[in-house]
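Trainee: The residues making up each chain are set out below.
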Amino acid sequence: MGDIVVLVKASLNPELVRQAPDGSVDVRAIPLKISDIDRNAVEEAVKLKQKLGGKLVAISILTWGPVQARMKDLRLAVQEALAKGVDEAYVVADDSITPGDQVTTASAVKAVIERAGLKPDLILAGEATIDETTSQVPGRLARLLGYSYVSFARKLDVVDGKVIAERDLEDYIEVVEAPLPAVVSVTQEINEPRPPTLLQIRRAARKPIRQLKAGDLEGVTPPKRKILEMRVLQVKRKQVIIEGASLEEVADKLIDLLIQEGVLKL
Amino acid sequence: MAGVKALLVAYDPKDFPELAEWASEAGVQPVYLAVHEAAAKAGDYAAKLGARVYVAETSNPGSIAWAVEEVARREQAALVAGEAYRNLRDALSRVAAALEAPMATDATKAEVEGDSVIVERGFLSERAVARIQLPLPAVILFLTRFRRPSGEPSLGQGEILRLEPPEPREKRVEVREKPKGGVNLEEAEIIVGVGRGFKSKEDLKLAFELAELLGGQVGCTRPIAADLKWLSEDHWIGISGKRVSPKLYIAIGISGSPQHMSGVQGAKVIVAVNKDKAAPIFKQADYGVVADLYQFLPVLIKKLKERMGKA
Ligand SMILES: Cc1cc2nc3c(=O)[nH]c(=O)nc-3n(C[C@H](O)[C@H](O)[C@H](O)COP(=O)(O)OP(=O)(O)OC[C@H]3O[C@@H](n4cnc5c(N)ncnc54)[C@H](O)[C@@H]3O)c2cc1C
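Chains R and L, in that order, are what the protein sequence lines are. Using numbering that gives the first Met the number 0, the letters of the first sequence correspond one by one to residues 0 to 265. Using numbering that gives the first Met the number 0, the letters of the second sequence correspond one by one to residues 0 to 310.
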């Protein structure tokens, strides 16, 4: 079996959205964290490496700059993957390609694979990331590399040079077979990612993280999409906590309030 | 001068009138490609769309991608658009790579301006809205049901052209329909939402009892449907499930993740019951009750029954 690659994104954390005084999103003030479903992809990749052998490599392309302010979060995201059993990591961090888009990311991943001389049989990624939720990088990458593409896998195995997966679609589940090499995007339901142990985290500190710039790579497409504006959606909720001496009192108060609001008729 | 040529990909028959109405508003010159379940209705729509309708009878994303690329090339389309079904996310991401084109998903609006398209879409798990500019050629996936068309198109007779995609690399070996729970959350006026605060499937009967009493329906977070499978997926609310707009949403044992809450933004009043007073849901609710659901729900149900004269 050849190498396995897993894609990891340091995503803007939507739970820590920050707003500038004019109501726009203050992107620079929002910390990055590993995108939730990438954890599932890493977990699955480690499992497959244990079964199939080969080297497991994480690749992460920094979307949100400036690089200097983001390196710590980016390293943390990648170190989590290393702690969980990834052997080595490549990160591309370069302000000439931030804020990136999916055209850039897919082309940069391909460029890293070529530059590092990797021959992956399998590339895993999450079905979507928590900041942009577009689900397009794995499909783009498959097309650029000429690999099979299996998206939204909630069950995955590799047998006799073939990927066998259950694809989770709106109204049905579909079992598909595809020849290696392949790109597979996984859903959150594929496994239950375990947080790394302290020992794993300590060992990971010795694993290599290789940092590259766009200039070290060939064929990285600069971003095409331009963000014109980003506004924070205002949550206009009353945020009243109902208190009372007993749960009976709380229940009565709640019922009264809902009747007053006109959303409950008894 | 005619507008930009746009290839509109219909996956479900409902997509035809939605995409057609968008095309006329945006002033693009449409050609259509019908796949999956839309393929069976291509004949009916060809008679109303007044445009070429290509048909590829396939639900395989590899084959759909081939067909889209084929038609985009033949028709010299500068824009490819469809709605954000999983198979189209898959197929069109491949097409976007082949065209070296930027792609926006989950768009709520799109306007062509000169040689680019301006798209509005949710961002940061829909905590924010972004306006982005994509130079043509570009690919857009609108949110499914992104608009309610005013009626069926009546643009005259079009032409049908059939395509035969070659065998894809990825082959389907089995299909299983997903079970349906017979709920219709989009229409519900009251929804009781359940989350991982419930300890077992059995315990959900508390929520069902409350919903029944209120004449409402039960919805849930992703893990309840997708992971634990305690409820069928038509109960699943959020960014990757249903978007609902009831008068009243009662969230029970739900933490308030952005991915869930984006699905209930349309609710008039949101009530949260959670035992953790620091749970993020309280910041996104109108009324909060900090309590153990196992203690509070029986009391609430009892009180409601008393006041309805059902005790
Ligand atoms: C790309 C992506 C898409 C996603 N799409 C969706 C989506 O469409 N819909 C969705 O729902 N999620 C979605 N998720 C998952 C989401 O991030 C959360 O993981 C999920 O919504 C959490 O569900 P929950 O609130 O039921 O569980 P938890 O977050 O585990 O919360 C359980 C809550 O119950 C409370 N609790 C526990 N015991 C009790 C008790 N006895 N009484 C009262 N309260 C109690 C706890 O305090 C806690 O707040 C998505 C995630 C990603 C990354």
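Incorrect hints may appear among the rest.
Claimed, not checked - If we take Cβ atoms under 10 Å as the criterion, some of the chain R residues that face chain L in the derived model are: (1) Asp35; (2) Leu51; (3) Leu197; (4) Leu198.
To be verified - No more than 30 Å apart at the CA atoms, straight line, and that leaves these computed lysine-lysine pairs for DSSO-like: (5) Lys246/L x Lys108/L; (6) Lys118/R x Lys161/R; (7) Lys108/L x Lys204/L; (8) Lys241/L x Lys179/L; (9) Lys179/L x Lys276/L; (10) Lys237/R x Lys304/L; (11) Lys301/L x Lys46/R; (12) Lys223/R x Lys177/L; (13) Lys46/R x Lys204/L; (14) Lys282/L x Lys46/R; (15) Lys50/R x Lys47/L; (16) Lys198/L x Lys154/R; (17) Lys228/L x Lys154/R; (18) Lys252/R x Lys108/L; (19) Lys108/L x Lys46/R; (20) Lys170/L x Lys54/R; (21) Lys235/R x Lys276/L; (22) Lys198/L x Lys48/R; (23) Lys301/L x Lys237/R.
In case anyone wonders, no lab produced these hints; they're calculated from the structure. Backbone N, C-alpha and C fix where the C-beta goes; we use that ideal spot for every residue, glycine too.
Trainee: Hint by hint, where does the structure go against what was stated? Just the numbers, ascending.
Mentor: Hints 2, 3, 4, 7, 9, 11, 12, 13, 14, 15, 18, 19, 22 are the ones this structure does not satisfy, whereas the remaining hints hold.
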